[in-house]
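*Asks:* Sequence:
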Amino acid sequence: MKTRIFAALLLAVVLGMQAKERWLHDVDAQGGEKLSAWSAPQSWGGTLSKVNDGYDGKSSPELRATKVKNRFLGRAYRGLSGSTPAWGRKFEYTILARGKGEFQLGMVAFGARDAAASYNNLMPLEEKFTLFPEQWLECKVTMINTDAPLWRFAVLVSIHGEDSYVQLGPDKLQWLEPQYPIKAVPSHVITFPGNSPEITFHAPEKIDVLQAFDGITRKVLSGKNGVFQLQVADGIAPLGEKDPGTWIAGTGRVGVWNPVDGAAADVFISRVSRQEWEEVSKMAAKIKLQKPMRILYLGDSLSDYDRGRNYTDKVNYWLNLHNPGMASFRNAGVGGDTIASLYNRLSGGKDTWRNYMYADLFEEAYDLIFIFLGHNDTRRHFRPDGTSYQPVEPDKQRQFLTATLEFLRAKTSARMILITPSSSDYQQCLSAAEPAKQKGLPYVVFGIPERLESYIEVMREIAPRFNAELLDLYSPMKNLPEKANCFTKPDGVHLSAIGNHFIAAQIIAYLSQGMLQ
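According to my numbering, numbering within the sequence shown proceeds without interruption in unit steps and concludes at 613.
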């Protein structure tokens, strides 16, 4: 096993990681992390197929070398989309492989998600292993990225030699814990044109130099007693006027890292207009915290996706702007959740996905709990025979919302606020379902207004029984000018940077009305 250091290159594949370890062949289909299969572009050389006598007697991908000019070669990659890994972190990739010939491991990395679909070069594949047909070999490589900004990368494998091939077994990507961690304050920043905010990074006192990226240039940062100050470059986060309905619009990134042990801390920077910033800041200033406040968010993919820059992070920024260090939160959102699956996981059910997201959930006390659900409960599944159903019908919505609030009331005395589902871009939701509908396949329609409104009525009915409040997000969003820009394309449901900012502003406006002391 060797350690490789590589630079950020460009390629149109994406790979991210939220958990410290994830077996890549064990796909978490309900979460924000989505695994791509092994892929072998034709121009790379090699053929990729599936064999039935693979690892543990099951099917496995097999890559065979083909002749490319005067040599025999095969290359393939696989990516994982989801939360973005930071530059500077150390990670380890392991795969079980068998076959014939010389097998090599490496990585392809690239910068911004909206970068051109091209790459300058491939990282030299110097980690070499000799394969055997009857023996599964554990192949492992440890790497640290030292360039910035690294947004995505993909695992790259190659096979060399005439008649060479490799069967690809289970693999995993594991982030390695640094010896000296780094913490950023604030962990997310909202700024406006012409402003260059400062971020403080805390490292152990023995660390006096870090690598840094201010959003535009890479630099060496000197600190004192483990404290480092980084000024964010103005213009880091484009406002995104050309294509505002994307998650990248108005979002940038800065960070520091210690290349010695892979410690890193990065911060997403969101940029809004000065008027918007001042309006929300004025509301946030009305919230006076006399003691530390801990917030818990329970929700679906609208809370789970884009961690580090979604509405939960933005609320945290605004609360701490005028109450420094007083607010913190836990985001326990799980993509795909309904009120039924949330309750089942909450109460210890075994038939739900990502139960680890609620691990030790009530080992700490909360002052405020937000529950933000509804789009998965009310989506409509249509079958080719003309029948349809929705995952959680109104009677079940009542049953599980009652059970959830009952459970929470028994566990905590926290203030509970139910957030209504956001209003969707319904026409875009219909358009997203149209291709499958035209082919006579089963299809799903999200964001049906009357079903969302029915769900909200259930919330209005149940919340008062448990002294829970209702924050109406649906109404102000329903008639919002240029509402489509609040959602990512093409689904019309998931939030763009603009949508996340809007929801955070609505929450701050609600909290500024009082009752937070």
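Just so you know, the hints here were simulated from the structure itself, not pulled from any lab data. Because the structure is a prediction, the values reported are computed rather than measured. Accuracy of the hints is not assured; some may be wrong.
Said to hold, decoys possible - Simulated crosslink set (DMTMM-like; lysine to aspartate or glutamate; CA at most 20 Å straight-line):
1. 382 with 304
2. 492 with 557
3. 236 with 198
4. 492 with 447
5. 535 with 481
6. 279 with 259
7. 165 with 294
8. 163 with 188
9. 507 with 565
10. 507 with 553
11. 196 with 152
12. 446 with 456
13. 507 with 546
14. 146 with 267
15. 268 with 152
16. 320 with 330
17. 492 with 553
18. 224 with 273
19. 574 with 553
20. 533 with 481
21. 268 with 188
22. 579 with 546
23. 236 with 223
24. 196 with 230
25. 279 with 357
26. 492 with 456
27. 196 with 149
28. 384 with 463
29. 165 with 149
30. 154 with 267
31. 279 with 304
32. 154 with 230
33. 163 with 259
34. 236 with 267
35. 224 with 267
36. 315 with 304
37. 387 with 294
38. 446 with 463
*Asks:* Against each hint, give a clear statement of whether it holds in the structure.
*Replies:* Hints and how they fare:
Between residue 382 and residue 304, the direct Cα distance comes to roughly 38 Å. Violation of the 20 Å bound is thereby established for this hinted pair. Distance restraint check for residue 492 and residue 557: the Cα-Cα separation of roughly 14 Å lies within the 20 Å cut-off, and the hinted pair is therefore satisfied. In summary, the hint linking residue 236 to residue 198 is supported, as the alpha carbons are separated by about 14 Å, within the 20 Å threshold. Only pairs whose Cα atoms come within 20 Å are accepted, and residue 492 paired with residue 447 is accepted, the gap being roughly 17 Å.
Restraint check for residue 535 and residue 481: satisfied, since their Cα atoms lie roughly 13 Å apart, inside the 20 Å limit. Among the hinted pairs, residue 279 with residue 259 is inconsistent with the structure: their alpha-carbon atoms are about 50 Å apart, more than 20 Å. Among the hinted pairs, residue 165 with residue 294 is inconsistent with the structure: their alpha-carbon atoms are about 53 Å apart, more than 20 Å. The suggested pairing of residue 163 with residue 188 is violated, with an alpha-carbon distance near 31 Å, which exceeds 20 Å.
A distance of roughly 17 Å separates the Cα atoms of residue 507 and residue 565; the hinted pair therefore holds under the 20 Å criterion. Note on residue 507 and residue 553: the hinted pairing is violated, with a Cα-Cα distance of about 26 Å set against a maximum of 20 Å. Distance check on the hinted pair: residue 196 and residue 152 sit about 19 Å apart at the alpha-carbon level, within 20 Å; holds. Proposed proximity of residue 446 and residue 456 is supported: the alpha carbons are some 16 Å apart, at most 20 Å.
The straight-line distance between the Cα atoms of residue 507 and residue 546 is roughly 34 Å, outside the 20 Å bound, and the hint therefore fails. Between residue 146 and residue 267 the alpha-carbon distance is near 16 Å, which keeps this suggested pair within the 20 Å criterion. Between residue 268 and residue 152, the direct Cα distance comes to roughly 17 Å. Compliance with the 20 Å bound is thereby established for this hinted pair. Taking the CA atoms of residue 320 and residue 330, the gap is about 25 Å. The hint is violated against a cut of 20 Å.
Our distance criterion of 20 Å between C-alpha atoms is met by residue 492 and residue 553, whose separation comes to about 13 Å. Between residue 224 and residue 273 the CA atoms are separated by roughly 26 Å; this puts the pair beyond 20 Å, and the hint is violated. For the given pair, residue 574 sits about 16 Å from residue 553 by alpha-carbon distance, which is consistent with the 20 Å threshold. Proximity of residue 533 to residue 481 is assessed by CA-CA distance (about 11 Å); at most 20 Å being required, the pair is judged to hold.
A distance of roughly 8 Å separates the Cα atoms of residue 268 and residue 188; the hinted pair therefore holds under the 20 Å criterion. Proposed proximity of residue 579 and residue 546 is supported: the alpha carbons are some 18 Å apart, at most 20 Å. Of the pairs offered as hints, the one joining residue 236 and residue 223 holds, with about 9 Å between alpha carbons and a cut-off of 20 Å not exceeded. The suggested pairing of residue 196 with residue 230 holds, with an alpha-carbon distance near 10 Å, which does not exceed 20 Å.
The suggested pairing of residue 279 with residue 357 holds, with an alpha-carbon distance near 15 Å, which does not exceed 20 Å. About 27 Å separates the Cα atoms of residue 492 and residue 456, which puts this hinted pair outside 20 Å; it is violated. Distance restraint check for residue 196 and residue 149: the Cα-Cα separation of roughly 16 Å lies within the 20 Å cut-off, and the hinted pair is therefore satisfied. Our distance criterion of 20 Å between C-alpha atoms is met by residue 384 and residue 463, whose separation comes to about 14 Å.
For the suggested pair residue 165 and residue 149, the alpha carbons sit about 31 Å apart, so the restraint of at most 20 Å is broken. Restraint check for residue 154 and residue 267: satisfied, since their Cα atoms lie roughly 15 Å apart, inside the 20 Å limit. Proximity of residue 279 to residue 304 is assessed by CA-CA distance (about 15 Å); at most 20 Å being required, the pair is judged to hold. Between residue 154 and residue 230, the direct Cα distance comes to roughly 15 Å. Compliance with the 20 Å bound is thereby established for this hinted pair.
Distance check on the hinted pair: residue 163 and residue 259 sit about 10 Å apart at the alpha-carbon level, within 20 Å; holds. Using a Cα cut-off of 20 Å, the hinted pair residue 236 and residue 267 holds, with the two alpha carbons roughly 10 Å apart. Proximity of residue 224 to residue 267 is assessed by CA-CA distance (about 17 Å); at most 20 Å being required, the pair is judged to hold. For the proposed pair residue 315 and residue 304, the alpha carbon gap of about 14 Å is at most 20 Å, so the pair holds.
Of the pairs offered as hints, the one joining residue 387 and residue 294 is violated, with about 25 Å between alpha carbons and a cut-off of 20 Å exceeded. The straight-line distance between the Cα atoms of residue 446 and residue 463 is roughly 28 Å, outside the 20 Å bound, and the hint therefore fails.
Taken one by one, the earlier hints fail for this structure at numbers 1, 6, 7, 8, 10, 13, 16, 18, 26, 29, 37, 38, listed in ascending order.
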